[in-house]
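Go ahead and model the full structure; you've got the sequences and the hints to work with.
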Amino acid sequence: MARLQLNFPEDQYYYSTQLTVRVTDINAANHLSNEAMIAMISEARARFLFEFGVAETERDGNGIIVTDLASTYRAEAYGRDQLLFEVGVMDFNKYGGDLTFRVTRPRDRKLIAMAKSGFVFYNYKIGQVCTMPEDFRTKFDRVNWID
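According to the working numbering, the sequence shown is numbered sequentially starting from 9.
Calculated from the structure, these hints are not laboratory results.
Computed spacing ranges between beta-carbons, pair by pair:
1) Val-31 <-> Phe-148: 35 to 43 Å
2) Thr-32 <-> Phe-58: 17 to 25 Å
3) Asn-101 <-> Thr-80: 20 to 28 Å
4) Phe-148 <-> Asn-15: 13 to 21 Å
EDC-like mimics (lysine to aspartate or glutamate), calculated; alpha carbons at most 20 Å apart, straight line:
5) Lys-118 <-> Asp-89
6) Lys-124 <-> Asp-19
7) Lys-124 <-> Asp-155
8) Lys-147 <-> Glu-18
9) Lys-102 <-> Asp-149
10) Lys-133 <-> Glu-64
11) Lys-133 <-> Asp-68
12) Lys-147 <-> Glu-94
13) Lys-147 <-> Glu-64
14) Lys-147 <-> Asp-19
15) Lys-102 <-> Asp-76
16) Lys-124 <-> Glu-94
17) Lys-118 <-> Glu-94
18) Lys-124 <-> Asp-76
19) Lys-102 <-> Glu-142
20) Lys-124 <-> Glu-18
21) Lys-124 <-> Glu-84
22) Lys-118 <-> Glu-18
23) Lys-124 <-> Glu-51
24) Lys-102 <-> Asp-143
25) Lys-102 <-> Glu-64
26) Lys-147 <-> Glu-59
27) Lys-102 <-> Asp-155
28) Lys-147 <-> Glu-66
29) Lys-118 <-> Glu-84
30) Lys-147 <-> Asp-99
31) Lys-124 <-> Asp-99
32) Lys-133 <-> Glu-66
33) Lys-124 <-> Glu-43
34) Lys-124 <-> Glu-64
Computed from a predicted model, the values in this text were never measured in an experiment.
Glycine included, every Cβ here is placed at the ideal spot set by N, Cα and C.
Below, the structure written as structure tokens:
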């Protein structure tokens, strides 16, 4: 069975934030659980969007919706570990693109996880995908485009 490989260009990371693994994030095997990692990735995404002035939903109904998430785990993380989440963007298209995440433990520089989350711009009032706003695209001048 083929395994998922996630490798991202270094120049696509635009933001980083630290999160602490809480005791409640630990599973029966005594390390960071899958669902807690997904929640932490979601928090890093929200912080990234806030930092760049992007509302997840505007008054007019336009916002961002997550379309998929792929993750690979490289090492375990434990309670009270500080984790660095580096967030990037890549593969823009007319409607959205991908957010990328590299998760490391700074104290030993250990790579914990890699993740990629697809997103599109979406109007929640009418229930339809909409085109990427120009002001969003121009915030990320290094991002590649795909058709």
